[in-house]
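Student: Listed here are the chains, written in short residue letters.
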Amino acid sequence: MKIKSGRFKIFILAAAVGTGLFGAFVNAQTNPTNEQVIQIVAKKFNYAPNVIMLKKDRPVVLEFTTLDVVMGFNVPDLKIRTDIIPGKVSRVHLVPDKAGTFPFVCDIFCGSGHEDMSGKIIVT
Amino acid sequence: MKKTINRRDFFKLAGLGGVVFASGLGNLSSAANKAGREGNAYDDFYFVQLSDMHWGFEGPPNPDAKGTLKKAVTAVNSLELQPDFIVFTGDLTHTTDDPKERRKRMAEFRDIVSELKVKDIRFLPGEHDASLDRGEAYQEFFGKTHYTFDHKGVHFIVLDNVSDPGAIIGEEQLQWLAADLKQLPNDAKIVVFTHRPLFDLYPQWDWATRDGAKAVELLMPHPNVTVFYGHIHQEHHHMTGHISHHAAKSLIFPLPIAGSQPKRAPLPWDPAQPYKGLGFRRVEAEVKKAEYAITEFPLSKG
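First to last, the protein sequences are chains A and B. Heads up: the first sequence begins at 1 in the numbering used here, then just goes up one per residue. Heads up: the second sequence begins at 1 in the numbering used here, then just goes up one per residue.
This is chain A alone, in the form it adopts within the complex:
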């Protein structure tokens, strides 16, 4: 799964520190109209939901917020990652084009339960 040229098409990785405005701008230019929106809330020390069900070939935008500290969202198998910053919305746009289960993890050390912050994306 690679950005743009891979089997998943990822349009934007927004909300990295200091790039919020840029991300919002690019988002407006490229956001497909039929995207499914999935909101994910991070809180010490889990994601809700921590299992994200996606449909193959259906565009989706993952919208992240955090209720407390800075978190990470990293899906190594999909080459997706974003920071989740308090007070901001982080968005990841993608079009899954293969089925499978793809674990994700918080990769910003957020406290004593950091190791428990994980989940999976399931594409059917």
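Among the clues, some could well be false.
With a straight-line cut-off of 35 Å between C-alpha atoms, the simulated DSBU-like cross-links for lysine-lysine are [as the list claims (entries may be wrong)]:
hint, chain 1, residue 1, chain 2, residue 2
1, B, K263, A, K120
2, A, K88, B, K214
3, A, K79, B, K70
4, A, K120, A, K44
5, A, K79, B, K182
6, A, K43, B, K263
7, B, K263, B, K144
8, B, K100, A, K98
9, B, K104, A, K56
10, B, K71, A, K79
11, B, K144, A, K79
12, A, K56, B, K263
13, A, K88, B, K182
14, A, K88, B, K100
15, B, K263, A, K98
16, A, K79, B, K66
17, B, K214, A, K44
18, A, K44, B, K144
19, A, K43, B, K144
20, A, K44, B, K104
21, B, K66, A, K44
22, B, K104, B, K70
23, A, K55, B, K263
24, A, K43, B, K104
25, A, K120, B, K214
26, B, K182, A, K120
27, A, K44, B, K182
28, B, K182, A, K43
29, B, K144, B, K104
30, B, K263, A, K44
31, A, K88, B, K263
32, B, K214, A, K43
33, A, K98, A, K56
34, A, K43, B, K66
35, B, K100, A, K44
Label pairs and their calculated CB-CB ranges [as the list claims (entries may be wrong)]:
hint, chain 1, residue 1, chain 2, residue 2, range
36, B, S114, A, Q36, 38 to 44 Å
37, B, L218, A, G100, 33 to 39 Å
38, B, K117, A, A99, 57 to 63 Å
39, A, R58, B, A213, 44 to 50 Å
40, B, H238, A, N50, 27 to 33 Å
It should be emphasised that the hints constitute simulated quantities derived from the structure, not laboratory data. In this text, all values refer to a predicted model and were calculated from it rather than measured experimentally. Where is the CB? At the ideal position from N, CA and C, for every residue including glycine.
Model the placement of chain B on the given structure of chain A, informed by the hints.
Tutor: Below, chain B without anything else, positioned relative to chain A:
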């Protein structure tokens, strides 16, 4: 102080506590065997690596959490020939959100390891020590989080890939590394200590350094580089080109093989085999040939 260890001494030492693994970098085994057969002595030194003590942890994965570090201290002190130095490769303490409690744990840890006979002790932080305050408390107790030192012809580099909570080394430290390497001859004997692996062992469990490849790239021009790290609580060996990476066991609880179970939860304590999977490592260096012997010492037999 110049020490000479012959093969007989080596195997005598290796018998302490029961050896579960002994190997080197491929050609070491044959060199060691040859030396053993011929009864040759060679000028060398060794150090002990201790990792992932998580002082302050409490829970079922190790009902003797407060005893394991002390047992390791006793075991190292009982070595007939003491190592030249001891290195703690991170996670000295277990995470707490309370800065006061964090410092208390560090003070307790420091007091316990002060009982080691060997006083040349090198520390580096793990993410449990340093990620929540970017190494502030750690530096109060143990000094710099990245530094170099030289010992008997070997250049040791301690890298900090944990103080940034995003698991990166960072551009500033990478530039520092590049400047340090630039001063060395190309064939310098280099040992790198880190907490996290510098390569993508299993990013799905956060077992990686996001910019570790940049450090490896800087090290690549040097033919004699070995990396020792912790973090994953188990023995593991990996090559990136000619650079070998060796992970050490933990002194608190073992973790599962990458991807072998859905979560990176500690392996359960086995009352029938207490301390199984825990232990410390002795690393032996033969300076003339830049070779290393690695011996794992479990805290329990079986």
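Student: Would you mind marking each hint as holding or not holding in the structure?
Tutor: Going through the hints against the structure:
no., hint, in the structure
1, K263(B) x K120(A), "holds, 11 Å"
2, K88(A) x K214(B), "holds, 30 Å"
3, K79(A) x K70(B), "violated, 42 Å"
4, K120(A) x K44(A), "holds, 17 Å"
5, K79(A) x K182(B), "holds, 33 Å"
6, K43(A) x K263(B), "holds, 18 Å"
7, K263(B) x K144(B), "holds, 33 Å"
8, K100(B) x K98(A), "violated, 49 Å"
9, K104(B) x K56(A), "violated, 51 Å"
10, K71(B) x K79(A), "violated, 43 Å"
11, K144(B) x K79(A), "holds, 33 Å"
12, K56(A) x K263(B), "holds, 25 Å"
13, K88(A) x K182(B), "violated, 42 Å"
14, K88(A) x K100(B), "holds, 30 Å"
15, K263(B) x K98(A), "holds, 24 Å"
16, K79(A) x K66(B), "violated, 40 Å"
17, K214(B) x K44(A), "holds, 31 Å"
18, K44(A) x K144(B), "holds, 29 Å"
19, K43(A) x K144(B), "holds, 32 Å"
20, K44(A) x K104(B), "holds, 23 Å"
21, K66(B) x K44(A), "holds, 27 Å"
22, K104(B) x K70(B), "holds, 17 Å"
23, K55(A) x K263(B), "holds, 24 Å"
24, K43(A) x K104(B), "holds, 27 Å"
25, K120(A) x K214(B), "holds, 28 Å"
26, K182(B) x K120(A), "violated, 43 Å"
27, K44(A) x K182(B), "violated, 43 Å"
28, K182(B) x K43(A), "violated, 44 Å"
29, K144(B) x K104(B), "holds, 19 Å"
30, K263(B) x K44(A), "holds, 17 Å"
31, K88(A) x K263(B), "holds, 29 Å"
32, K214(B) x K43(A), "holds, 32 Å"
33, K98(A) x K56(A), "holds, 6 Å"
34, K43(A) x K66(B), "holds, 30 Å"
35, K100(B) x K44(A), "holds, 20 Å"
36, S114(B) x Q36(A): 38 to 44 Å, "violated, 58 Å"
37, L218(B) x G100(A): 33 to 39 Å, "holds, 35 Å"
38, K117(B) x A99(A): 57 to 63 Å, "holds, 58 Å"
39, R58(A) x A213(B): 44 to 50 Å, "violated, 33 Å"
40, H238(B) x N50(A): 27 to 33 Å, "holds, 29 Å"
Checked against the numbered hints given earlier, this structure breaks hints 3, 8, 9, 10, 13, 16, 26, 27, 28, 36 and 39; the rest are met.
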